[in-house]
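Engineer: Full structure from sequences and hints, please.
These protein sequence lines are chains X and D, in that order. For the first sequence, the positions run 443 to 888 when this note's numbering is used. For the second sequence, the positions run 62 to 394 when this note's numbering is used.
Note that these hints are calculated values from the structure, not bench results. Please read these numbers as outputs of a predicted model, since none were measured by experiment. For glycine and all other residues, C-beta sits at the position ideal for the given N, C-alpha and C. Heads up, a few of these hints could be off.
Here are the in silico distance ranges between beta carbons for each label pair [stated by the list, open to error]: (1) D/V299 to X/R457: 25 to 33 Å; (2) X/R457 to D/H382: 20 to 28 Å; (3) D/E131 to X/P601: 51 to 59 Å; (4) X/G702 to D/V299: 41 to 49 Å; (5) X/D656 to D/P254: 47 to 55 Å; (6) D/E131 to X/G541: 50 to 58 Å; (7) D/G253 to X/R452: 42 to 50 Å; (8) X/D656 to D/S72: 29 to 37 Å.
Derived coverage of chain X by chain D (criterion: at least 3 residues anywhere in the stretch with Cβ under 8 Å from a Cβ of chain D; other residues may be distant) [claimed, not checked]: (9) 454-464; (10) 625-639; (11) 768-775; (12) 781-793; (13) 804-812; (14) 826-835; (15) 853-862.
In case you want the letters, here they are:
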Amino acid sequence: MSAAPAPASRSRTFRGGVHPHEHKESTHALPIERMPFVSEYVLPLSQHIGAPSRAVVEVGEKVHRGQMIAAPAGFVSVALHAPVTGRVTAIGLRLHPNGRMMPSIVIATDPFDSQRVPETQPVDPARLTAKEMVALVQNGGLVGLGGAAFPSHVKFQVPEGRQMQAAVINGCECEPYLTCDHRLMVERPETVVRGAEIIMAQIGAERGYIGIEDNKPDALAALRAVAPASIEVVSLKVKYPQGAEKLLIDAIFRKEVPAGGLPLDIAILVNSVATTAALADLVDRGIPLIERIVTVTGPAIARPRNLMVPLGTPLSAVIEHCGGLLPGAHQVVLGGPMMGMAQKSLEVPTLKGASGILCLDRKSAVPLREYACIRCGRCLEACPMRLNPTRLAHLARAEWVDELEAHQLMNCFECASCSFVCPSRIPLVQWLRMGKAMLRNRKESA
Amino acid sequence: MSTASPDLVLSTAPFVREGATTPRIMAEVLCAALVVALAASWNFGIGALLTVAAATAGAAATEWLFSRSETPSRLRDYSALTTGVLLGLTLPPSMPLWMAFVGGVAAIGLGKLIWGGLGQNLFNPALVGRAFLQAAFPTAITTWSPPVEPGGIFSLPKSLLAAPFASGAVDAVSTATPLGLSKFQNQLTEIGPLFFGNISGSLGETSAALLLLCGLWLGVRRVFDWRLPVSTLLSVAVLSGILHYLSPESNPPPFFMLFSGGLFFGAVFMVTDPVTTPTTPRGAWIFGIGVGALVVLIRLYGGLPEGVMYAILLMNAVTPHLNRLTQRRPFGV
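Structural biologist: Following this line, the structure appears as structure tokens:
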């Protein structure tokens, strides 16, 4: 298995996919600003895939910014840190952006504190064993910042005897509207490259690749200027969902990750630029994951911005800081417009995995009127996994679980390209999600 | 620290969509078909518009009758109107209007509704309507009146207004279509009239030039899958080219095969019906090639001068199989 990429001078890409309007022009040139501290932060113990963190502070306890307030509860779990110096005022159920009441730690900010993160001893990654590094990342609270929020340390633990070929850094940012990764790459290219080198050393890969869609020429230039010879900066065509890791690998290496498998199976590891930079900050500066860059944008926000937001800041505060919602605001989405979650209450907090706050007005909202499927086949052409979404939706509606499995439903990663193109406005990806839930239920009850 | 949140609406991703909607796709096909209907009335007189209107009325009335409890009405997706207009355009000029109306009823009733409505039918509804008329009124549907003389646009053939089931309904002056001339009298029509439409034939099929423009428009707008018409036309051109090369006396040249009869109309408006054609790209190629091959076979070796309708209906029948046979290999499998 060699990881040598196909020679290509032009931008590379994958088959299938869709071309949504980019809508990035209102924020792609805006430098990252700091969100001021607010009076209260809500930190759900479950902000990642896997077991929720276990609270290690008590109500009334004073915490300082960057202090661990919840510890990992198992291997697929990470720590959680105070985003602000203050006092724990409650530990209990709070509304989570996923729509449920979830256990959370509430911290009231100390208004008189300087809010400086205590400097810790920088770690020399070369002097850590691979195992120590995994522990450092887990206790640093690091998760995939691209949206899935999968604990990073799990990926950094390479099975024994596995020779990794390449570390891929994902700077595609293929979701419309979002520009937080773009700004990070333009403003802090050295940090991204530094993180990439740490990952390569950790997993024992000699080659690194940074994939960036070619609508971000400044980011491509910035990273090419600082990348060493071992790291190739790869230009990719603008197409959704190029940032899905399997499609990114397909575009760079012309290799398909086996269905049901992980990039690890073909000796490749993918991390987003945001995660990579957070890793460099953790290792070099000792700063755990206590804040992230969030793009606040959309036609219904007064002043679109790229903001560095402490975790747990209520959406209402972020929106207010951006001038508030404009009249006619219709939907507020946490994340991007293709895979994000609509919110009913603005009192929910920002999460580790939330890269955007998208404010849509009535005009840009999608009417829910549905028509009969006319079998036009557009969803088949859009599906990057080459599934048959309309057939799968019919099967899910009929609860024909065996057929769902035979038609490779579990390969669907819910990019929503099918729903995006469907002229009959059938909520295809929604049916596919329900079908996947049926398959999981059956597996569990079996 | 709390802003009064406005009444936010919950829905699931994606929150952006591509512009095309099913009613809009249907409406664009409908507009293109209406342009062809206007051209037909220039060629055959305003009786052409009446025929199209009668077929559309039959189609719309049937759709309305069987879905009147639904709000908003199913007519709002324009699919029944499109079927009606397309059926009307496949009919000969001077066919009695009541027959066209019956054809519209059959197209929607037998071609669509009994299958379960839009998206469920196996066969192209407009062609089901036409096949019904061919079986029911074989004389009327093969009586081709010639194009009107200049200035005769407003003259109506008497047969058009014949009362239902009256005998001798069809008394129009009949002439042979280019395909009929070729098949039965071995006489080829020049490419000029074939291309611009000053010939006899069904209402919508005579001007290849106009149909080509409509096809380009609908293709550029991505209203249909371009593979379907392209593979159909290519298939006819290649197969008839080979046959003409092997025996130039008995087989007409490819240009004649391409531009005569209902081939262009079928390729632009019938082969492109998404419901009754394969969903997979490879299936679309096979479908078009199959239609083309059947058209050539029926025209040259069958008993009928024209075979586009049966070619498409036959390929419609194998569409589910084509979909199954041409399933793609999923990513990573």
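Engineer: Does each hint hold? Answer for all of them.
Structural biologist: Going down the list of hints, with the structure as the test:
no.	hint	verdict
1	D/V299 to X/R457: 25 to 33 Å	28 Å, holds
2	X/R457 to D/H382: 20 to 28 Å	25 Å, holds
3	D/E131 to X/P601: 51 to 59 Å	58 Å, holds
4	X/G702 to D/V299: 41 to 49 Å	43 Å, holds
5	X/D656 to D/P254: 47 to 55 Å	51 Å, holds
6	D/E131 to X/G541: 50 to 58 Å	32 Å, violated
7	D/G253 to X/R452: 42 to 50 Å	45 Å, holds
8	X/D656 to D/S72: 29 to 37 Å	32 Å, holds
9	454-464	holds (count 3)
10	625-639	violated (count 0)
11	768-775	holds (count 5)
12	781-793	holds (count 9)
13	804-812	holds (count 4)
14	826-835	holds (count 6)
15	853-862	holds (count 4)
In this structure, the earlier hints numbered 6 and 10 are contradicted, and the remaining ones agree with it.
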